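S.K.: Below, each chain spelled out in residue letters.
Protein chains: 2
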Amino acid sequence: MDAVEEALRRALAEKQTAVEAQGSAVRDLKAAGAGKAEIDSAVETLNALKHEKASIERQLQVAVSSNGSGNAVNREAFRQAVVNTLERRLFYIPSFKIYRGVAGLYDYGPPGCAVKSNVLAFWRQHFVLEENMLEVDCPCVTPEIVLKASGHVDKFTDLMVKDEKTGTCYRADHLLKDFCKEKLEKDLSMTAEKAAELNHVLAVLDDLSVDELGAKIKEYGIAAPDTKNPLSDPYPFNLMFQTSIGPSGLSPGYMRPETAQGIFVNFKDLYYYNGNKLPFAAAQIGQAFRNEVSYPSLNTAKLRAYARVFISPRQGLLRVREFTLAEIEHFVDPDDKAHPKYSEVAKLEFLMFPREEQTSGQSAKRIPLSEAVSMGIVNNETLGYFIGRVYLFLTCLGIDKERLRFRQHLANEMAHYAADCWDAEIECSYGWIECVGIADRSAYDLRAHTEDGELLVRAGSRVVDCSSSNRSKDKSGVPLVAHEKFSEPREVEKLVIAPVKKELGLAFKGNQKMVVEALEAMGEKEAMEMKATLESKGEVEFNVCTLGKTVTIKKSMVTISKEKKKEHQRVFTPSVIEPSFGIGRIIYCLFEHSFYTRPSKAGDEQLNVFRFPPLVAPIKCTVFPLVQDQQFEKVAKLISKSLTAAGISHKIDITGTSIGKRYARTDELGVPFAITVDSTSTVTIRDRDSKGQIRVSVDKVASVVKEVTDGYSTLADVLRRYPTHSSVSVDD
Amino acid sequence: MDAVEEALRRALAEKQTAVEAQGSAVRDLKAAGAGKAEIDSAVETLNALKHEKASIERQLQVAVSSNGSGNAVNREAFRQAVVNTLERRLFYIPSFKIYRGVAGLYDYGPPGCAVKSNVLAFWRQHFVLEENMLEVDCPCVTPEIVLKASGHVDKFTDLMVKDEKTGTCYRADHLLKDFCKEKLEKDLSMTAEKAAELNHVLAVLDDLSVDELGAKIKEYGIAAPDTKNPLSDPYPFNLMFQTSIGPSGLSPGYMRPETAQGIFVNFKDLYYYNGNKLPFAAAQIGQAFRNEVSYPSLNTAKLRAYARVFISPRQGLLRVREFTLAEIEHFVDPDDKAHPKYSEVAKLEFLMFPREEQTSGQSAKRIPLSEAVSMGIVNNETLGYFIGRVYLFLTCLGIDKERLRFRQHLANEMAHYAADCWDAEIECSYGWIECVGIADRSAYDLRAHTEDGELLVRAGSRVVDCSSSNRSKDKSGVPLVAHEKFSEPREVEKLVIAPVKKELGLAFKGNQKMVVEALEAMGEKEAMEMKATLESKGEVEFNVCTLGKTVTIKKSMVTISKEKKKEHQRVFTPSVIEPSFGIGRIIYCLFEHSFYTRPSKAGDEQLNVFRFPPLVAPIKCTVFPLVQDQQFEKVAKLISKSLTAAGISHKIDITGTSIGKRYARTDELGVPFAITVDSTSTVTIRDRDSKGQIRVSVDKVASVVKEVTDGYSTLADVLRRYPTHSSVSVDD
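Protein chains in written order, with full-length UniProt numbering: chain A, 1 to 732; chain B, 1 to 732.
FYI, nobody ran anything at the bench for these hints, they're computed from the structure. Do not take every clue at face value.
Said to hold, decoys possible - When the alpha-carbon atoms are kept at most 25 Å apart in a straight line, the in silico DMTMM-like pairs for lysine to aspartate or glutamate are as follows:
no.: 1; chain 1: B; residue 1: K651; chain 2: A; residue 2: D710
no.: 2; chain 1: A; residue 1: K277; chain 2: B; residue 2: D653
no.: 3; chain 1: A; residue 1: K651; chain 2: B; residue 2: E484
no.: 4; chain 1: A; residue 1: K700; chain 2: B; residue 2: E707
no.: 5; chain 1: A; residue 1: K641; chain 2: B; residue 2: E484
no.: 6; chain 1: A; residue 1: K634; chain 2: A; residue 2: D604
no.: 7; chain 1: A; residue 1: K634; chain 2: B; residue 2: E344
no.: 8; chain 1: A; residue 1: K706; chain 2: B; residue 2: E130
no.: 9; chain 1: B; residue 1: K700; chain 2: A; residue 2: D653
In this text the structure is predicted, and so the values were computed from the model without any measurement.
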């Protein structure tokens, strides 16, 4: 709870007490038959107190509902304006709309699809081409064994509760969150202590265990929102779409929840392709799937309402069941996380929100990247390099740099294995939204697929335990490691365990193999203890967990020693630094940041504009004959042909509508340039945002438009070369 | 069975008879104690006959196994050479290889992914941009109701049989096909009649019903291939991957088997987006999924063999479980299928294989497109236009035009509703492979989603029947139709059925609504018959199927008439012309068509080359310092930077390997240009296929490479401007 809110709640409680006391005083006066003047004066005081209380209530209302960052009502209205435009111009279409839609699934209509395709093309240019990344393309259908190893089968879950009578499912944390928020907003008379408790629940919501979450739901008496029926205890629901591969029904599979695993399982081949050299990065763009629980089940009436509203209340276009991810896995030596091109971004300065600033209640601040890295706020150079590159990527697309920040994960947000994580968060009408995650995941992902590989790397330090040897059946057994050749061999001390198979065979017969394996799998400590016992006592009791019993090992059965060996190379599991882009979220935020309205010339209406840079604009220019005229139409078609040849997406509009209306239509699609044909030799090119116009000869149009849309020139550069169109602006 | 094969089989049978007769003659001579000279002569004749028989057997073997088109063994060897190169250079990787893979799933590794991305970019330029198509992007997860309406839930099946003991599944038609082919190849002594029967089975394989297929499997005694166990009767298996949407488990969904349905359900919005004008085309690129049965189930040992072989026997890379489709749905007035740009392709001439040529045993022939359309071989101009555009698309990519043909579907291959279908087939080592389907699907797809829409269009001709009114619950009820406004209103005669609700209410009370609906739903014929009966007899028996009984309708209860009405527009369901591209198949065929080998300079080995045009080449050029030298490396890095800025994908190779070896490596990836740095001021650019070199100054390199890779110039054009490099070729 922020300080303002707390102070207001306390003031409100005090004022309430004062109002009650004064009310009681008035009643006492009346009962005692006091004089009118005295009573009037007391009533006046009471009214003043009530007035003050109402004023505090209003302030508290604003403080709670706006969360201290602008006005919630305005944000809602702004979002409606953007979303209405996006829907009307078919940037998005609710999927399967004629069948009433499916919550959490959206189509990109023609302009949306073009924007997406432009964003992805720029992503390829900015990351894959620039860094010579190895791009791969793996299937969405994934066998269970892969996602078991990665941990998704066991841990990729949300906690769910069911309406005990109708069976409708809800996310347990969402119900608790909604309850707390509503209570805080509506129950202004709550004690400051109670409010602090609810705010605390909101703060730790993501960390609550199944039992804690269940207890809170019970304690607050939360019921099913639609029916008020009682709810089941929370239970985990796996968010992956499950399916079955092949006709037998015996091979479970899932639709991948991320694209990264396809890269990890190919590490060995990709490392080879890169000439067995580190560092290198692999990349993948593709669909990912999450069977979100945050929508009511399809068969309820509420779904229809969701489909009608199009943007469902819970972050509609931001939380979807199928989405495009673009992921980079940069593999690097854990002992050397420098980046050769780091200096190219080190001087950038932008909003960062380090862990310490968050926990101490400060806000994001502008920090030079070089400072963040050198002070150790950002863990290493490679992580810093990608943070810088992501900043450049997003701002080139048109994301407002004042509403973009890099927020470091708090200790409790990060997986135990992660070295450091930062989210690129973009502010939109829904608040600060995580759009890109940039994480140093250390060696976790490669090791997860390669139990035996891990053995190899960490030989001598591993303790045999039955659970992990069971687990290793689910692993590939293929070591996903890198090699560093030493320029000169290095001497190291190695544990050598040599079972004497002849003796073991005589003693254990059919069980020999299990005993040998258990001996060889001993860690350094255990082995050296066994050596000491064998030397002092001649035999030792030894637990073989694959046999489920203890056997007696005699001195003659095994020799244990430490030998000095020369090693010619170091074998290690590379660290993975992973920038992961939610393309749909970036695009939605881009739409909000690009949207503005301006009055029509007559001033009678507000016109919508998307200020997309040419790079992402779905259509680069439109071609209008000024008036309906065969000659002009012929020129327009000629220009259209030359634009197609130059690969510039465009639209011809030969309707008789006024030129102003046609400009307005095209502004609403974010088309940056409009070519108006008003003669057969020269035409004008109008800039969407400045409304400035230049005059260009018909045969030069395509090359000028190409120059500005490719980003080689700005319109300002071109203006210097061509005379500004001098005629009166025909806009509106 | 072709004529050659039949003649050889007959000749073989005759020779066999002759051998038997002569053998018997020899035995008779011996038994009769004939003279040695006589016996020797008879044996000589016998040996000659045996020799002739063996020769015919060899000819037959070749005729059967090569299918009359080249040598099967050579094709197999060629394919192995291509596939080994593709696998070694990571064009493809078997998906989840470290877990032994999953049959039918492949990754594109870095060069494969780049080729795919280039092919898709060109597809967008050639189709979407050129025709101003409306590109959309819909989810893969699709609710059951959509695929029920499209027919996929009921009909998208393969017939499957199960090993009755192990449960392993096989495609019934594949087993029958394998049996017939093997029998024909190995049992050369079979009668010509028997061979004709087996060849007939192969010809009609796709048309066999469940019962016919089961009967054949029984008749031929076909058993499970791995175990020789008996097989179950064939039964249909749906090829869609099934899943469940949302947490309730009550909403079945599927991974889409094609992208087209996403476009059809959006027809109304797209038509509006296009200003309510026809024709227009929508397009979509995306993943599609088919849970093929043609692999043994995942858990059998055989799978591991499949994964190891990488290219599984049954068309490995061509028949996969997940693939990229690029589909166009061109919506057109069924009464006007002309295309405004048809003239641009009409003069093209290429291999076409019309229905008549196929059934009369002729082969594909070169026909001018204009002739095929004007003679009605191709149904209409729009279909012809797309056939021409597909031809241009494929040949621009590098498909050999001599191994590309357009084959018309036979009558029994086409759906009953289709007006005409052509497949672009590309010949590769697997035979002629369908890579693009171009079909005029008439109004089928739009009607499938809109029972009520159909009602609207065909009002007056529909007969009420209970089954169809049940079916309509699965339809969207949204009319997917187009409108043509008449310049002047037209007079039409319309059936008007006016139930008199007051009378009906008195007579039928609670059932009134059902009776009214049944009356209103009458078709023209039924209504006019009722009118006649009511006028002659005053009442009529009328079956109301929603009530499940017959009621008596009196004259006072309904008036039926025909009225002349003025209509201002025509409402109709557009026809759909659908070019559908299997991107993975096109790419695989492109790999085969682009592959060749040439001897190394020393002549001691064959070097592999992919002759990709710059348009599709995964990497456009490589940069080599001639020798390891700091100055040269600096220049190489400078050139690399300028190439990146120009958006040209490239690779630097600064290893000390000989320049010849480096050229060979790059040829094997299909890189069209190699820049060799042998001075600090000028460098050479080498052309992959001609090995010709030109010398260019360092600051011009990027722009020259861009010019040739963008296709604005050929290397020949550039050669005219720059002096041919005069030094001795450093190749090899």
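S.K.: Next, verify each hint and record whether it holds.
M.R.: Results of checking the hints against the structure:
no. : hint               : result
1   : K651(B) to D710(A) : holds, 24 Å
2   : K277(A) to D653(B) : holds, 13 Å
3   : K651(A) to E484(B) : holds, 23 Å
4   : K700(A) to E707(B) : holds, 19 Å
5   : K641(A) to E484(B) : violated, 28 Å
6   : K634(A) to D604(A) : violated, 35 Å
7   : K634(A) to E344(B) : holds, 18 Å
8   : K706(A) to E130(B) : holds, 16 Å
9   : K700(B) to D653(A) : violated, 40 Å
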